[in-house]
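Novice: Here is how the chains run, residue by residue.
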Amino acid sequence: MELLDNLALGFGVAFTFQNLIYCFIGCLLGTLIGILPGIGPVATIAMLLPATYALPPVAALIMLAGIYYGAQYGGSTTAILVNLPGESSSVVTVIDGYQMARKGRAGPALAAAGIGSFFAGCVGTIILAAFAPPLTEVAFKFGPAEYFSLMTLGLIGAVVLASGSLLKAIAMIVLGLLFGMIGTDVNSGVARYSFDIPELTDGIDFVVIAMGVFGYGEIIANLSKPEDEREVFTAKVTGLMPTGEDFKRMFPAMLRGTALGSALGILPGGGAMLSAFAAYTIEKKTKLKPGEVPFGQGNIRGVTAPESANNAGSQTSFIPLLTLGIPPNAVMALMVGAMTIHNIQPGPQVMTSNPELFWGLIASMWLGNLMLIILNLPLIGVWIKLLTVPYRWLFPAIVLFCAIGVYGTKNSEFDVWMVGIFGFVGYVFHKLGTEPAPLLLGFILGPMMEENLRRALLLSRGDWSVFVTRPISASFLALAVLLLIIVLLPAVKNRREEAFVED
Amino acid sequence: MKIKSQKDFFAGLMFLVIGLAFAIGATDYNVGTGARMGPGYFPLILGVLMAILGTAIAAKGLIVETADGDKIGKWAWKQVFFILAANFAFGILLVGVPAFGIPQFGLIVAIYALVFIASLGGYTFNAKEVLVLATVLAVGSYVAFVWALNLQFPVWPSFITG
Numbered sequence: 275m276e277l278l279d280n281l282a283l284g285f286g287v288a289f290t291f292q293n294l295i296y297c298f299i300g301c302l303l304g305t306l307i308g309i310l311p312g313i314g315p316v317a318t319i320a321m322l323l324p325a326t327y328a329l330p331p332v333a334a335l336i337m338l339a340g341i342y343y344g345a346q347y348g349g350s351t352t353a354i355l356v357n358l359p360g361e362s363s364s365v366v367t368v369i370d371g372y373q374m375a376r377k378g379r380a381g382p383a384l385a386a387a388g389i390g391s392f393f394a395g396c397v398g399t400i401i402l403a404a405f406a407p408p409l410t411e412v413a414f415k416f417g418p419a420e421y422f423s424l425m426t427l428g429l430i431g432a433v434v435l436a437s438g439s440l441l442k443a444i445a446m447i448v449l450g451l452l453f454g455m456i457g458t459d460v461n462s463g464v465a466r467y468s469f470d471i472p473e474l475t476d477g478i479d480f481v482v483i484a485m486g487v488f489g490y491g492e493i494i495a496n497l498s499k500p501e502d503e504r505e506v507f508t509a510k511v512t513g514l515m516p517t518g519e520d521f522k523r524m525f526p527a528m529l530r531g532t533a534l535g536s537a538l539g540i541l542p543g544g545g546a547m548l549s550a551f552a553a554y555t556i557e558k559k560t561k562l563k564p565g566e567v568p569f570g571q572g573n574i575r576g577v578t579a580p581e582s583a584n585n586a587g588s589q590t591s592f593i594p595l596l597t598l599g600i601p602p603n604a605v606m607a608l609m610v611g612a613m614t615i616h617n618i619q620p621g622p623q624v625m626t627s628n629p630e631l632f633w634g635l636i637a638s639m640w641l642g643n644l645m646l647i648i649l650n651l652p653l654i655g656v657w658i659k660l661l662t663v664p665y666r667w668l669f670p671a672i673v674l675f676c677a678i679g680v681y682g683t684k685n686s687e688f689d690v691w692m693v694g695i696f697g698f699v700g701y702v703f704h705k706l707g708t709e710p711a712p713l714l715l716g717f718i719l720g721p722m723m724e725e726n727l728r729r730a731l732l733l734s735r736g737d738w739s740v741f742v743t744r745p746i747s748a749s750f751l752a753l754a755v756l757l758l759i760i761v762l763l764p765a766v767k768n769r770r771e772e773a774f775v776e777d
Numbered sequence: 704m705k706i707k708s709q710k711d712f713f714a715g716l717m718f719l720v721i722g723l724a725f726a727i728g729a730t731d732y733n734v735g736t737g738a739r740m741g742p743g744y745f746p747l748i749l750g751v752l753m754a755i756l757g758t759a760i761a762a763k764g765l766i767v768e769t770a771d772g773d774k775i776g777k778w779a780w781k782q783v784f785f786i787l788a789a790n791f792a793f794g795i796l797l798v799g800v801p802a803f804g805i806p807q808f809g810l811i812v813a814i815y816a817l818v819f820i821a822s823l824g825g826y827t828f829n830a831k832e833v834l835v836l837a838t839v840l841a842v843g844s845y846v847a848f849v850w851a852l853n854l855q856f857p858v859w860p861s862f863i864t865g
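Protein sequences, first through last, are from chains A and B. With my numbering applied, the first sequence corresponds to residues 275 to 777, in that order. With my numbering applied, the second sequence corresponds to residues 704 to 865, in that order.
Note that these hints are calculated values from the structure, not bench results. Positions of the beta carbon are idealized from the N, C-alpha and C atoms, including for glycine. Treat the hints loosely; a few may be bogus.
Stated by the list, open to error - Listed next, the in silico SDA-like pairs over lysine to any residue satisfying Cα-Cα at most 25 Å (straight line):
1) A/LYS659 to B/ALA847
2) A/LYS684 to A/LEU474
3) B/LYS763 to A/VAL699
4) B/LYS781 to A/TRP691
To be verified - Footprint (simulated), chain B over chain A, 3 or more residues, beta carbon under 8 Å:
5) 468-474
6) 686-692
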């Protein structure tokens, strides 16, 4: 069994004392920051990225994966206890989770989220391990035309599955692609859009954009809202374990959520939010057992299903990243950035040239999920305390971490000026109702897309039809067009807008 | 003509202007042909595409009716100012700006400045509390970033450490 050999190799890497410690620290830090209201996984990873600079690449990626899971779990905790979704994918968890907390069942709700996530994480890891090698084989057959079309499909998929206005999201992607053009053109050596500023010839650092737009921009937006009255259920968390009855109801919901999340996570766009939403909708459609609490009033299935879907999706969204080198969502775009910092070019060659890293990362994903459940269930009391930290202490600390992180990336004060500018840009985006996540995705993909477009057209002697005459490339583009048509259909359009209004 | 969605209209305008700027900038570089793409080729396509998208979004803001006019609302200039000022003060104090004769003050001073200025942008400001917060963050950052992670920061003012 090749799969078992590979996993054995991975666990061999992940089970070293050093990597276990980094995985643990990652989960801990991720939860710690992710639990703070108003900080999603993207901001958490961006903020904690500098903590991994000094580590060897394998340890750094393992720690980052830990941070990602921790941040997601932290987000669900905030959703359940404070009625504040820390990230878009826990929007639906809020509905029943908070109601459970209000009824004094915060403990079982948190445990259900944790157990559902763990189960989904296990399944997701196995799917990832099983699908990665064959997909990598396929990826090696791709030429530049296929890559270009695949990236187009990925970007279209990302906006179709994201929330908000479709046109604006596409415009944000293009803006991201354009920001990616800033710096020295690799082929001609011409410094583009650098305005004779030497620092700009290296391009803008993605950390600068991520922290400016997601860190500063969000803080300014948060502070400009009136101070919110947060109701935190601190005293009432007793009796952590769900009852036997709860388990019986949770289990099928967990299975359905996991299946849905795994499938949707592979799709470009990541679909963490979509899968959570879809999972919740499916649960709502199933019949209530006698004596079961209706949905919206604290049904445990309403917590388990979206949390499982969400976590399975975040696991399988590593598949396009690790096999094709194409990040399906903003979090994975950050992972690409982190990999490049450690001199790893993500793509199909990682698995063959760097098997320790590849399988070690996959094994550590499972370990990360295990650690989260070990770490979080007993520590829930500590996390709850964190939720009571007032925002007036929190936001200066976040500003500080962003500033230190940006400076620490390259020890360049120029980046500190840039992050300030992007902080303002992020606030402008917020005011104009444009979602910033597609921008980051476009920014990471920009140089790759240009390079593949250039190569494809060079090979075809300038003939654009190469994208539609090569069958794989043509099917990617057809799929992208199909996706666009589907969302623009009036029936789907209304439903889509309806679905995203609920936050 | 009445603007029906302020947010869409101005977002569209922003995209249009930035798209045009990038497209015009791209013509400064060698555009080349499809088979031999110059450095200006891809940015030109993207710039034009964004200008078109911007126009469409702005037009949508003029045509499509919204319930409340999708107002942009008041700008939080105070918060913008203090958060960004905190960031810039941090950078300036951390490494100094020799051109303006500002010496390097190092990490610790920069942290105090950042926390104080940022806190001014909050709802309430309590100097004593902010002082405690800044001290905690300064000690914590020193331990985490300088001592544990060994990141290279100027920690103390250059005129003290020399």
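Novice: Hint by hint, note whether the structure agrees.
Specialist: Status of each hint after checking the structure:
no.	hint	result
1	A/LYS659 to B/ALA847	holds (22 Å)
2	A/LYS684 to A/LEU474	holds (13 Å)
3	B/LYS763 to A/VAL699	holds (23 Å)
4	B/LYS781 to A/TRP691	holds (19 Å)
5	468-474	violated (count 0)
6	686-692	holds (count 3)
Hint 5 from the list above is the single one not met by this structure.
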